[in-house]
Each structure stands twice: as C-alpha cells, then as structure tokens.
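K.L.:
Spelled out from the first residue to the last, the chains are:
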Amino acid sequence: MPLQLADPDPEVKRLQRCINDLVSLLALPAIWSGSAPSHVLETLLDALLRMLGLEFIYARVEDRFCGKPLELARVAESGKLSVDSEQVKQIVRTWLEGDGVSVLPSFTRLGASTLSLFPVPLGVHAEVGLMVGGSARPDFPGQTESLLLSVAANQASIGLQEAQLLSEQKRIANELEQHVAERTSRLAATNEELRKEIAERKKVEQQLLQSEAALQKAFDEITKSEARLRQVIDTIPTLAWCNLPDGPNEFLSKRWHDYTGMAPEASYGWGWQAAFHSEDLPALMKKWQELLVSGEPGEIEARLRRHDGVYRWFLIRVEPFRDKSGNIQRWYGTSTDIEDRKRAEEALRASEREFGTIINTIPALAWSANRDGAAEFFNQYYLAYVGLPLEQLQGYGWATVVHPDDLNHLAEVWQSCRAAGQPAEAEARLRRFDGEYRWFLFRANPMRDGSGEIVKWYGTNTDIDDRKRAAEGLRRSEAFLAEGQNLSRIGNFSWLVATNEIKWSEQLYRIFEFDAGMTVTLDLIGSRVHPEDLPMMFDMIEKAQQAVSDFEYAHRIIMPNGAVKHLHLIAHANRDHAGRLEYFGAVQDVTQRRLSEEALNEARAELTKVARLTSLGMLTASIAHEVNQPLSGIITNASTCLRMLSADPPNVEGARETARRTIRDGNRASDVVTRLRTLYSKKEPDPKLMDLNAATREVVSLSLSDLQRNRVILRQELAEDLPAVLGDRIQLQQVVLNFLRNASEAMSTVEDRPRELVIRTERDDQNRVQLSVRDSGVGFAPQSADKLFDAFYTTKIDGMGVGLSISRWIIEAHHGALWAKPNDGPGVTFSFALPLQPAS
Amino acid sequence: MDAPGIVAHRLVMEPRPESSAAERPLLCVIDDDESVRESLPDLLHEFGFASRTFSSAAEFLSSDSIPLTRCLILDIAMPGMTGLDLQLELSRRGQEIPVIFITAHKDEEIQEQALRQGAAKFLYKPFSDIALLEALTAAITPN
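Read top to bottom, the protein sequences are chains D and H.
0 is the number of the first residue of the first sequence in numbering that gives the first Met the number 0; add one for each residue after it.
0 is the number of the first residue of the second sequence in numbering that gives the first Met the number 0; add one for each residue after it.
No wet-lab data here; the hints were simulated from the structure.
Values in this document were obtained by computation on a predicted structure and should not be read as measured data.
Every residue, glycine too, gets a C-beta built ideally from N, C-alpha and C.
Any given hint could be a false lead.
Claimed, not checked - Short derived list, chain D residues pointing at chain H, Cβ under 10 Å:
1. K564
2. H567
3. Q628
4. G632
5. I634
6. A646
7. D647
8. P648
9. E656
10. T657
11. R667
12. P753
As the list claims (entries may be wrong) - Quick list of the computed label-pair ranges, beta carbon to beta carbon:
13. D:R663 with H:D106: 41 to 51 Å
14. D:Y552 with H:Q112: 34 to 44 Å
15. D:G434 with H:S62: 49 to 59 Å
16. H:L122 with D:E505: 57 to 67 Å
Just chain H, with the same shape it has in the complex (with noise of 0.2 Å):
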C-alpha cells in the first residue's frame, strides 16, 4: 500500500447528488487518513449534513469552501500544516468556524493548546458516533 504523499493534491468530493445541498449546513472534514475521509461524509449525511473532505490544511485554504463550512472536523497530526496550525490560520483571518478536534494520540498538551486556541471540542479517535453527533450540535448551535 503506498503511503500517501503530499504531492498530489485529491478531492474527495461532495455529498450524495439526491441530496439538495442547499438546506444542508456544510462541514469540512480535513484528515490525511485516508479512511475518514472515506467513512466520515456518509454518517455526516445520515446526521443532516453536507459535507466535503481534505486531505490537507493548504487544500482546505486554498478551496472555497472556508466561507460556506459551518464547522470544521480537524485532525491535529498532519504532515505540513498540523491541525492547531490551521486553527491559528483561519482564526488569523478572522474566519470564526468551529472547529472539532480528531486525533489518536492522546496528549494532554495539545488538548490543552487546542481548547485555548478555541476548539470546541476534542475527539479521540475511534470516537462513538453519538460523541460526534454530539460534538457537532454543540460546535454549531449557538448558546
């Protein structure tokens, strides 16, 4: 199995075609494991989502997709610009999107740094899709 390299630059595209993207809020899953991008959009669209995949944080910045996402699910440990990086970046540009953390490795540190830096919430993987559900209607209905 080839490792994937930074060097080709895939989207994985949209939700199914029967679906009116329209009504539905859009998330940005932005993970270089291949196996999420695969698996996320499909409970994504049974949760009432729309959704679209990256698999890297220059990808999603230079998409057009950073106005339309309602809230982003973010893997910390990518090559090039790691997940905390991308936070900084966007909140930089003053683009406010929640963000929810995905990430295997537990490291206090970076759940710690990520809660500051704004997240909304943190997820290990492999996470129940009830927590993500969860995550999400948090994450995006304002208080």
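So that you can see chain D by itself, here it is in the shape it has in the complex (with noise of 0.2 Å):
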C-alpha cells in the first residue's frame, strides 16, 4: 500500500513515487513466473514507459533467451512523437550502429525534436539484451531513473532467464515425453512381437507332438512289415540277409542258416565269414570292403560251406537300400547256389578248349564264313602262319595275304561256289608271317540247317608248296635229266618184253640218229645194228625174254652215212604194276673213248716228254724259287758286308761271317743249277743203283718252294736204312714229283683243316722198297680208284691226267708196282714199291 502523507514534500513525492515505482519492479517476476520472454518484455516496457515517462523504450533479447532474437518498442501514446514502434526500432537501431553509443548520453534529432537516448544493458555483459529508452528531457535520465533503470534492467534479466529456464524445462519435458512415448510404442511393438513368436511356438509344439505319434505309429508298422519280410525273406527259396551300413551282419534269413547249419548267434555281426571257403573270403572281404566304400551294389563268386561240410560256389549278390536323402541304411543281399552251374560252366570251357586244340592241332589252316563269304573265324594254325591277328583277317581283310596273281581267281572261284551253294577248292598263294608266298590249297564246304539253307561256310588249307615245288623240282629234274643225257651221250630206254613195247630218250634217238618220237621196235633197232654184231643181239634178245636178268654188252652201230658208233648197253630187269617182265636201261656213246683207248698205246710215248715238259713247266716256276732264295741270301749278305766295312771303325768279324755266307748261297745257287741241267738232259731210262731217299730230298727241295705257296705242310719220314734199288733216277724222281703235285692239287680247295703232306720211304714186307705221300685232301669215290689211271680220266680243272699213267707206266716197267688208296682221314694215299733185287 503505498505511502500516504498529507501533503508530503514534492521530492518526498517522488521519491515515493520511485520507492513506488520499484516495488512494482520487484513484483514483477512473479507477475512474470511462467510467461513466455515476449510477455516479460512486453510489460517490463509498458512499465517502464509509464514510470520513466519515456518517448518510447526499445528492447532487444539475444534469441538464446527466447528461441529467436526478440525485439519491442513501446511509444508513449501522450507523447509528442508521432513515430510507431517500427520507427523506433529503426531509430534504435540506427543509433546503435552509429558511434553515439560510446557517449552517452546521446541526442538524437527526430523531426523537430531532440531525444536524449539512453542504453541500458540486460545482463551484466549485455549477454541477454538490451533496452534503449528515449526521452524529451534531456537530462534524462537522473539518478532515480537511472536507479529504477538498473532494477528494471536486473528484474528483466532475471524474468527472462527465468523464462528461458522455463521454456528450457518445458523443452526438455517435451522431449521426454516424446522419448518415452516413442519408447512406450516401441516395447509395445516388441511386446506384440514376442506375443506372436509364442503363439508360434505353442503350434509348432503342437505339431511336433502330432508328427511324434504318427513316427511311432510308422515305427510300429514297420515293425510289424518287417516281421512279415522276415517271414517272406525266410520263405524264398534264396540265402538272403541285411547287412549294416558299415559292413556287418544284422540279419541271415533262416535258408541261410539251415544251409550253413550255423546259428544266428555264431553268424551275427562279421560271424557269417567262418561260413565261406578260406580261399575266396579274402577276396569276398576285399570285394565288400571296396563297397561300403563306394556304395555300389557289387557280387562276387566265392565257395559257402553247407552244414555237411562240402563248399559249393555261391554267386553273392548285394545292393545298398537308401533312404530319402541318399544315406545308405542297410545292405541286402543273396546268396545263390551257382555250384551247377559253374560246373557246367567249367565242363563247357573244358570242352571248347578242346574243341579249340582239336581245331588248331589240325595241320591245315581252317576257317569259317557266313553265307555272304564274310570270314568269321580262323584257326590258330592259321592266325600263326600269317602272323597277324584274327580282326585284320576277318571280313574280307583275308585278301591282302593271298598272292595278288593268285587272288582273281581265288574270289572268283569263291563267288561261284557261293553262288551254286557247292562245295569248291582252288590253288593259291599265301603270305606267311615273315612274307614268304606258300601254295595252298583252299577248299571250302557249305553247312545247311535243318531246312536246307546254308548257314555257314567251313573251309581249309591245305600246305601244297612242297607238293608243288616238288612238282616243279621234278619237272625241272626231268629237263636237267635229258640234258645230262644230251651231255654224257647216255640215252635210256624201256623195253616190255611182253608186247615189245620200247621207249627211248631223246637222248637215244640222237644217238641212233632217229627221229624223235618214232615208234621203236627191235627191228628198227636191227637196223642200224652192225652186221658183226647182229647175231650177238639176237643172241641177247632171246635171253632177255627167258630170263629175268640184267644185262650189258657192247656192240657197234652203223650210221646211214656210214659213221660206226660203239654203243655200251646196261638194262635191269624190273616187273611193271602188273608184274610183267620190263627192262629200263641206258645207253652210252662210247665212240669216243674206244677210239682213244685204241689210239692210246701209240701216244704214250710221246705222252712222257710231255709229262715231262709240263713238270718241268712246273719246275720252271720252282727253279726260279729255289734259284732267287740262294740269291736273295747273297745280296743280302753282300751289302751287308759292304756296310759293316765302311762303318767306322769297319766291322771285320761281321764282314767275314755276311762273306762266308754269300759263299755258300753262291754254291748252292749252282748246285741247283747243275741239278736242273741234269734232270732236263737226260733221255733214256738209266737204271743205276740209287739211294731213292737223296732221290726224294732233291725232288722235295725242287717242289718245296711250289708246296709252300700252296701252304703244304711237308713232312718226311724216310727210312734211316733204306737199301739201295736199281732205277733211273731222273725218272722216279718224275713220279715222286707227280705224287707231291697231286697232292697239292688235292689239297688245294681244303680250308678246314691242315694241308699235310707226308712223304714216308720205307722197306715192306715183301721186301720192296715203298715210297708213298699222303695227303689231306679230297680223295676221290673209291669206285674211281681204277679210273685214275686211265690215261684221260681226270678231275682236275687243267685236265692233264697223264701224270699218273706216265707214272704208272715207269714204275712197271721197273718190274714195282704203283696204287692208290683213300687214307682213313680224309685224302688219299699214293704208293709206288720197287724191287730190292732187279727181276728177271
């Protein structure tokens, strides 16, 4: 209540006014609890105005006081301005920017009047605001005003600080009440949620609970299938069992243990392996093993013991059972009794191999082809002779082993036989495995069903090469036969005494000077026959026809022309298939050899020079041998003896020994000399009494250098105590020179084994002095052993065989003897022996 006194003094008037005036300012901030900052403002200035008297009063809040900065003017409504509350603020603010702020107080004109401005801070800095009150007066403001200014200033910080505080409150609590609600709504959510899940939990209990007793009663099904499949598993007539996934047993049925007569608790589990044969089981535990491995259904043979102890082969058989994702559950599996069957199995085997030996054993080449000629099947003669496997040879690949000049015919002859369904046969080429071409003979057979039709064709081969070599072997021989004759001049004939029928050789109608071909009958024999000689042949004849014997004469024939042939006839008495008197003979021209043999005697003589010339040829190429070896000693020597003397100092003892020797090489090259003049003067038979042992050494010394370059190993074994013999020397020294030249020649072809050549005098036993060389050669048929001294026999390639017979000739007409004998070894043996005391 304010103050009333009786009329107080003016200042104490005022002063109540401001005492007044500053209550109400302190009222103010409970008028204010719970306003907004405008609010606060609003009646702060209006408060203000009123006390101060003011023109107008501005106020400006920062805006952390009141959301947004704040700002209000109040114009007196008495007062003498005319401007609204816009104007001021523009004023104001004018002001403010202006440098008047800094003195204060501060006038500012506004139309005609003078307004003293005057801030007032909110806050201590300014922080909150600001106040600018304008007056008239202008000492504006005194102290009072100044005082209420502060208080009003103080009350509206506070005011509005409080506000702030508030709004801030109010904010917060917005804020809150926001957060909570948000998460009141979203426990409620989550709420709701969970509430679901539950529910959702509560069904899938309800189902699971369902599924389990529809599991049971499936299980009990099962059950009650499985006693059932029990029963049928024990009823089928099979061993049939389940096993574990992992391998072992679960279940036999009750077949398998009758059979086995092991119990169900011996076989349990891996028991049943005692059941199986304990050579198999290892490769049954393998087989099973690789199973469970690979899950694969599998069978195995392997023997099972039945409850009387004998093993019988079982064909075990086993397939995994699955359940819907894969997982294999259990294993089932038979046993079936293959004991029969692998029996009958065996015995087939046995007998296909059989039959395989059987059809390759067979010495022909065999095949088969069906009925369009296509080869199915070859033996193993055959696959082995060509040398190539069976698929190369099947079809029509047989083609390319046939000769290619032979194949032509070979498929024609095929075809056509196919084609008239009849068994055919054909000659023709084979390639062997290492390319050779063979002949064979291809034959081929149909085989017909019951109705006739021909299902397959069978065929062999059959080796004919040799058959057919031989074929042409003897062909050829035939032709090499009839040009031996033509050769020899030896013709054959035949002769069936019966009918007197007579064959001859081409050979023989040259020889009669025939025709050939013409019919032969003994009369045209008779024709040519010489007169002389006729009754001889008749003669002949009639024995023949009597007697069954061989016969041989000679006898001449007499050429149109008027030639004479002397024929030498040999036949054999044969029986012919039909057991009739045949005779086969040859005849031989021996023109010739008679007339030689006839001629002979004469040309003996002139023979011997000849010999002797042809030695002596020999000897030339001997000489200059032995005369050269001298020789080549002496000038050897004699340079040799020429150095040794112009050496310094000059080598004396040397130079007499090298001299000594060209000495003696100079001697012995003249004694060869004078021995060669001696040998080739003389001419007629000497007979002296002569050492035949220094005879030999001269004749050996002579031939050695010839021996030697035919590598002759020479060996002499010449009686120590030969006596003496009467001969000519230079003549039995020709027929030693003969001997050791035919032995050399003997010996001339021999490469496997020494040339040895062994001269050898001695006494015999029938007191003969005996010379003879032996050598390693290669002899002759004893059968020859006569002819080699015939004056024209020879086997030698220069053909002079006079040598023996000249020498045969001295040593006769030296009263001794001279032969020929083949060695025990290989070679021959040529001998002479003279008499010690000259015969009569």
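With the hints in hand, could you dock these two chains into one complex?
P.N.:
Here it is in structure tokens:
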C-alpha cells in the first residue's frame, strides 16, 4: 500500500513514487512467472514507459533466451512523437550502429525534437539483451531514473532467464515425453512380436507332438512289416541277408542258417565269415570293403560251406538301400547256389578248349565264313601262319595275304561256289608271316540248317607248297636229266618184253640218229646194228626174254652215212605194276673213248715227254724260286758285308761272316742249276743203283717253293737204312714229283684242316722199297680208283691227267707197282714199290 | 738238307749284345726261309734297327714282341698262316703295325690284296739293300 502523506514535499513525493515504482518492479517477476519472454518484455517496457515518462522504449533480447531474437518497442501514446514502434526500432538500430553509443547521453534528432537516448544493458555484459529509452527531457536519466532502469534491467534479466529456463524445462519435458512415448510404443511393438512368437512356438510344439505320434505309428507299422518281411525272406528259396551300413551282418534268412548249419548267434556281426571257403574269403572281404566305400551294388563268387561240410560255389549279390536323403541304411543281399552252373561252365570251357585244341592242332589252316562270304573265324594255325591277329583277317581282310596274282582266280572260285552252294577248291599262294608265299589248296564246304539253307561255310587251306615245288623240281630234274643225257651221250630206254613196247629218251634217238618220237621196234634197232654184231644182239634178246636178269653188252651201230658208233648198253630187269617183265636201261655212246683207247699206246711215248715238259713247266716256277732264295741271301749278305766294312771302325768279324754266307749261297745256287741241267737233259732210262731217299730229298727241295705257295705242310719220314734200288733216278724223281703235285692239288681247296703232306720211304714186308705220299685232300670216290690211271681220266681242272698214267708206266717198267688208296681220314695215299733185287 | 717242318719252333735270336736294344727301333722278320732269317738281322743292324726273327706267323703271334714291333718284314707264302692272314689278324687285334711284304712270287693279285689290306710296301726277292732301307724309312717315318 502506497504511503500517503498529507501534503508531502514534492521531493518526498518523488521519492515515494520511486519507491512505489521499485516495489512494482520488484513484484514483476512474480507476475512474470511462467510467462513467455515476450510477455516479460512487454510488461516491462510498458511499466518503464509509464514510470519514466519516456517517449519510447526499445528492448532487444538475444535469441538464446527466447528462441529467437526479440525486438520490442513501445511509444508513449501521450507523447510528442508521431512515430510508431517500427520506426522506433529503426531509429534505435541506426543509433546503435552509429558511434553515438559510446558517448552518453546521446542525443539524436527526430523531426523537430531532440531525444536523449540511453541504453540499458540487460545482464552484466548485455548478454541477455539491451534496452534503450528515449526521452524528451535533456537531463534524462536522473539518479532515480537510472536506479529504476538498472533495477528494471536486473529484473528483466532475471525474468528473462527464468523464462528461458522455464521454456527449457518445458522443452526438455516435451522431449522426454516424446522419448517415453516412443519407448513405450516400441516396447509395445516388441511385446506384440514376442506374443506372436510364443503363439508360433506353441503351434510348432503342437505339430511336433502330432508327428511324433505319427512316427510312432509308422514305426509300429515297420516293425510289423519287418516281421512280415522276415517271414518272406525266410520263405523265398534263396539265402538272403541284410547288413548294416558299416559292414557287419544284421540278419540272415532262416534258409541261410539251415543251409550253413550256423546259428544266428554265431553268424551275427562278422561271424558269417566262417561259413566261407578260406581261399575265397580274402577276395570276398576285399570286395565287401570296396562296396562299403563306394556304395555301389556288387557281386562276387565264393564257396560257401554247407552244413555237411561240402563247399559249393555261390553267387553273392548285394545292393545298398538308401533313405530319402540318399544315405545308405542297409545292405541287402542274396547268395545263390551256382555250383551246377559253374560245373557246367567248366565243362563247356573244357570242351571248348578241346575243340579249340583240335581245331588248332589239325595241320591245316581252318576258317569259317558266314553265308555272305565274309570270314568269321580263323584257327590258331592260320593266325600263326600269316602272323596277323584275327581282326585283320575277318570279313575280307584275308584277301591281303593272298598272292596278288592268285587273288582274282581265288575270288572268282569263291564267288561262284557260294552262288552254286557247292563245295569248291582252288590253289593259291598265301603269304607267311615272314613275307614268303606258299602254295595252298583252298577248300570250302557249305553247312546247311534243317531247311537246307546254307548258314555257314567251313574251309581248310592245305599247304601244298612242297608238293608243288617238288612237282616243279621234278619237272626241272627231268629237264636236267634230258640235258645231262645229251651232254654225256647217254640215252635211256624201257622195253616191255611181253609187248615189245620200247620207249626211248631223246638222247637215244640222237645217238641212233632217228627222228625223235618215232616208234621204236626191235627191227628198227636191228637196222642200225653192225652186221658183225647182229648175231650177238639176237642172242642177247632171246636170253633177255626168257631169263629175268640184268644184262650188259657193247656193240657197234652204223649210221646212214657209214660212220660207226660204239655203244655200251646196261639194262636192269624189273616187274611193272601188273607183274610184267620190263627192262630199264641206259646206252652210252663210247665211240670217242674207244678210239682214244686204241690210240693210247701210241701216244704214251710221246706223252712221257709231254709229262716231263709239263712237270718241267712247273719246275721252272720252282727253279726260279729255288735260285731266287740263294740269290736273295747273296744280295742281302753282300750288302751287309759292304756296310760293315764301310763303318767306322770297320766291323771285320761281321764282314767275314756275311762273306762266308754269300759264298755258301752262291754254291747253293749253282748246285740247283747243275741239278736242273741234269734233269732236263736225260733222255734214256738209265738204271743204276741209287738211294731213293736222296732222290726224294732232291725232288722235295725242288718242289718246296711250290708246296709252300700252296700252304702245304710237308713231313718227311724217310727210313734211315733204306736199301739201294736199281732205277732211273730221273724217272723215279718224276714219279715222286707227280705224286707231290697231285697231293698239293688235291688239297688246294681244303680250308678247314691243315694241308698235310707226308712223304714216307720204307722197306715193306715184301722185300720192296716203298715210297708213299699221303695227303689230306678231297680224295676220290672208291669206284674211280681204277679210272685214276686211265690216260684221260681226270678230275683236275687243267685237264692233264697223263701224269699218273705215265707214273704207272714208269714204275711198271721198273718192275714195281703203283697204287692209290683213300686214307682213314681225309685224303689219299699214293704209293709205289720197287723190288730190291732186279727181276729177271 | 732237311726241309723245315713246322714242328719245332726255333726262335732265331736277338741283335748283337754290344748294341743297346733300347735305342734301336725293333723290327720283326717273319719268313720260313732260313737264309732270309739268317741274313736280314745283320743288314737291319747296319741300318740302325734291332730285329727279331720268326719262322712262322704263329710263332710271332705267340711271342711278346707284338707291342714292341715298329715294323714287320713279312713273307707271304708260308705254311700255316700266310703273311696276308697274319696282317689281317693283327689288324683284327687292333695292332696297326706297318708291314713290308717280301716274296719271291710275282703275283699281281696278291700284291693288290696286300696293298689293299694296308701293306706299306711290297718287295720282290731278291731285293737290294737300298730298296729295303727306303721301304723301312717310308714305313716307320710318319708322313
């Protein structure tokens, strides 16, 4: 309640007023409580405007106090100014920006008035805001007015701050409310979800229970059906069983137990192994393990032991049983008795083997073809022969091993025989594995079924190569024979006595100078026979017709031109296939030989000279060598001698030795010449008492080089006390030389053994001096022994066989003997023997 | 005179004791001709060689002279193994020893064969000492 005084002093009144104003101001915050900042400001400004009698009042509050910067202005209604609040704001702003602020009080012109402006900060540092009063009084603000303004400012600040706080609180409260609301709604949502989940769970539980019930029902069913199954398994006539996925046995059918005699307790798990044959069990277990790993069905054969101990072959078959997800639940299997089947198989194999052996043993190439002609089967023999595998021959592949020249013909025959449905044969060459072709006889036979249709062709190819070659050989040898007969002037004949059927070879026609192919009769032959020999012929024919014996004779025939031929005939008696007497023989034209034999004796004397000259020819070569040897020695030794004497100092000893040798060799050379001269000049036989050894040695030394050249190893076994013989030295030496030459020549082709020649002289048991020359040469056939000494018999290439005949003549002239004998080993020994005492 | 048989192997011996065999090249003479075996060693010694003689190829082959031989003087016509055979045998054994053939027989074919088989020289008896020396020089001195 304002203080009331009776007529107070105006100052007092002023002061009263001031205190009233202060009280009012101090009461403001209570009014302001809970108001917005703008309200605070408004009330304040209004209060101040009235209290201070201002023209206008302006206030600005920073935005953090009221959310946004607040600007208020109030104009006194009763004032002098005619401005509105907006204009005031503007004026203040201008003034604030200008520099009048720093000078207080500040004056500003406004129309016709001058205003005094006075800023009042709100807050200690005007952080809350600013008030500006505008008064028309120049002395504004006085003391009390300043006081009022400050208090007002303080109150305003407090009020504004409180308002700010309040609005903060409100804001926070709002926010909180919002959060809570949010939270609440979220919780509510979560709750809702949880409720839903629980509801779901409950549902699932329900379902689970339901399915468990169903499962149990199914299991019961299974158990029931298992029992049924077991019944089935026990009933079916096979040994059935069931194993667990990891291998051991779970169940074996009743039959299994009955068969093996093994109780379920024994067989369960792995016990069933004992029922199998110990030899088969390892393979069985291995297979079982493999299947367990691979999960594949499988089978194996093994021997199972029957209750009585007998082992029989069984086929064990097993299959995996999988559940819906593919996992193996069980293995189901059967064991089936295959003993009989196995026995049958073995029997079949055995018989097949046998068949195969048969077909592969028959010494023919066997084959079969289908009815179209394509080859299907070839036996082992065939395959081995051509050296090709079956695949390459099948079909028409075999054509590649047929000789190209024979293939066409063979193919034609094959074609036509198939067309005709008839067996056929053809000859063709088949190539052997090593490329050689051999002749075969191809034979094919059709095989027909019940209705007569050809189902297969069977064939054999037989090797006829040898036969064919033999046939060729025969042809060839026949040709040779004819040729040979021609060359040797021997013809063949056959004479069937009963019918006088005579067959001649070509050569015989030629000998008789009849045309080849003419019918030969005894009369025809007789027409050529020399009249003087005819009686002999008739006689011979008669004898031959009666007696069954070989015969031989020689007769002459006369040719149309008068020429005479000497024939030598030999015939052998024979019975032909019908038992009739038949003669086979040969006739040789020996005209030449006869003639030469007749002339031989005349030629002998001349031949001696020829022989000597020929030997001498050989000697000449020997001579050259014989003289050459000492000459070589002479030259070498003489040269050496000269060099030794030219040395410094001269080698006199050596020179003497070499000179001695030279002279010796010179003498040797002259000896040889002397000997040769003697040999050459001798003409008449001049028997003297002589030493055969010495003569032999001379001949040996003369022939040494020749022998050496022919690589003949010479051994001399000359008897030491050989008696002297009467003989012509030169001639006897010729014989020895001849022997040596022959021996050397006989060994000239010998390569596989030493060419040994042994000369031996001895006194034999017939009181003769014997000389023999033994060689290791090619020898001669025993039947030619006599012929050796025939003047013209020779096996030597150079043809001069006269040596031996001359030798024999010489020895015989000495009343001695000369002969030749084959050795026990290779070669021949030629010998001659001379009587000690001259024969009468 | 006894003809030589191949029964006894007689080694006709060495060069003179006063010559030191170590410095002289060794030649081997193989000939069944005794006069050759008698006369050649002295001549070869005068030439400055050491020599050994053999009467047969077999004797030479069974001796220990093969690796030491610088050159062979070899007869062709010998009983048993000929000179040509010996040359082949040595060649087969990998022993490449120069060979000078000496022979009395003039035979073109044999000469050609010998030269084909790699003979260094072919001399006909009787040969001069100069001819032999030339042949030896040519055979032993590498070209």
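K.L.:
Go through the numbered hints given earlier and state which of them the structure violates, listing their numbers in rising order.
P.N.:
1, 2, 7, 8, 13, 14
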